[in-house]
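Protein chains: 2
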Amino acid sequence: MITLYGMADSGNCYKPRLLMALIGRPFRHVEVSTFDGTTRSEAYLVKNPAGQVPLLELDDGRTLPESNAILTFLGEGTAFVPDDSFDRATMLRWMFFEQNGHEVTVAVRRSLSIYPHRKAAATEERLRLTLEGGRQALQVMEQHLRKQSFFGGERPSLADIALYPYTATAEEGGFDLSAHEAIRAWLARIEALPGYKPKSWLPED
Amino acid sequence: MITLYGMADSGNCYKPRLLMALIGRPFRHVEVSTFDGTTRSEAYLVKNPAGQVPLLELDDGRTLPESNAILTFLGEGTAFVPDDSFDRATMLRWMFFEQNGHEVTVAVRRSLSIYPHRKAAATEERLRLTLEGGRQALQVMEQHLRKQSFFGGERPSLADIALYPYTATAEEGGFDLSAHEAIRAWLARIEALPGYKPKSWLPED
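Residue numbers (this note's numbering), protein chains in the order written: chain A, 1 to 205; chain B, 1 to 205.
Mixed in with the good hints there might be a few duds.
Copies of one chain are not kept apart here, so a pair can be met inside one copy or by any two copies together.
Claimed, not checked - Under the rule of at most 20 Å between Cα atoms (straight-line distance), these lysine to aspartate or glutamate pairs were calculated in the DMTMM-like manner:
id, residue 1, residue 2
1, Lys197, Glu181
2, Lys47, Glu142
3, Lys47, Asp87
4, Lys197, Glu125
5, Lys119, Asp83
6, Lys119, Asp36
7, Lys147, Asp9
Just so you know, these hints were derived from the structure itself, not from any lab. Fair warning: this is a prediction, and the values are worked out from it, not measured in the lab.
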């Protein structure tokens, strides 16, 4: 059975867990966390020298980091990846946007706001920049969702799974979603998908 | 013929141009720039409401933003995309790293350092954070390249094309590559690929 190393509270780590739940694929979760230092333990650094989570480990020992790359690997051949090559590129377009425009602002501001060990990094300038950038990213999403139900078109794709976790917790980072009706309706559509599980869910041993 | 809207000096815009040169595919280049305001012109905002470059336009009018998504679309079926699904995910892993760890530090610091219109944004804190983050990203690349010739393994892939442009200009952002021997050897390997063209190259009309 494949193994996912990750932090229960991290949105990046939730992405592959959510996909596994939606496609009904069993996996093992191993908690590795920046809170207790296990991402910096010798045993983990052998697997991922960068010390980041999530990390996927196959039965044969091969490993894959980067949440969105893990999604593409696990999603291949499922209904969450479009057949058409332009549609697949459009799905990836939103996954790159997630990493370059959304995660670095919406997710980073949440982490600066709620984690005690990030307090020193939470300068006034950084909070302002991530607020501005995050609002811009949410505005781009809102505009898109006023025209389409999901980020790959009319059906959910890996792009939705990549964008869901940190959008669902955006308010923890000080972002106000009350005026973003289309985003709130999209969050509800994801939560209504068969097999959906919240971030707190972990597979049983 | 497909059209690429982009800024000649942007590394993100150079990525798809470099791929087209390497695979020998003809295309039309249309200069759209943040310098002269054309990325904010009405005509361009119709094509890309976010006003960003590069943007790919197909003959039928469909458009695709995000440099790395454009690479995946144009690269499909070429030697720059591995056949094996794990290898493809590994290629994408480095392309997500490029957007989340490398572009936001190495490329942003270059832009803050050399573009007059970015001077107000180039605060001491931002220059320090992008320096620290960029050095870390370059260190990750150096470690990898001491073991493998390219980012997808022993053959060049889209991951190399995504990482090349802003690594090649890292010194313009104040990064010192002199101690990164493996990176410098990799840059030379890319520049020796058949069909390689420098950033200044644009296709003839």
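Which numbered hints fail:
1, 4, 5 and 7
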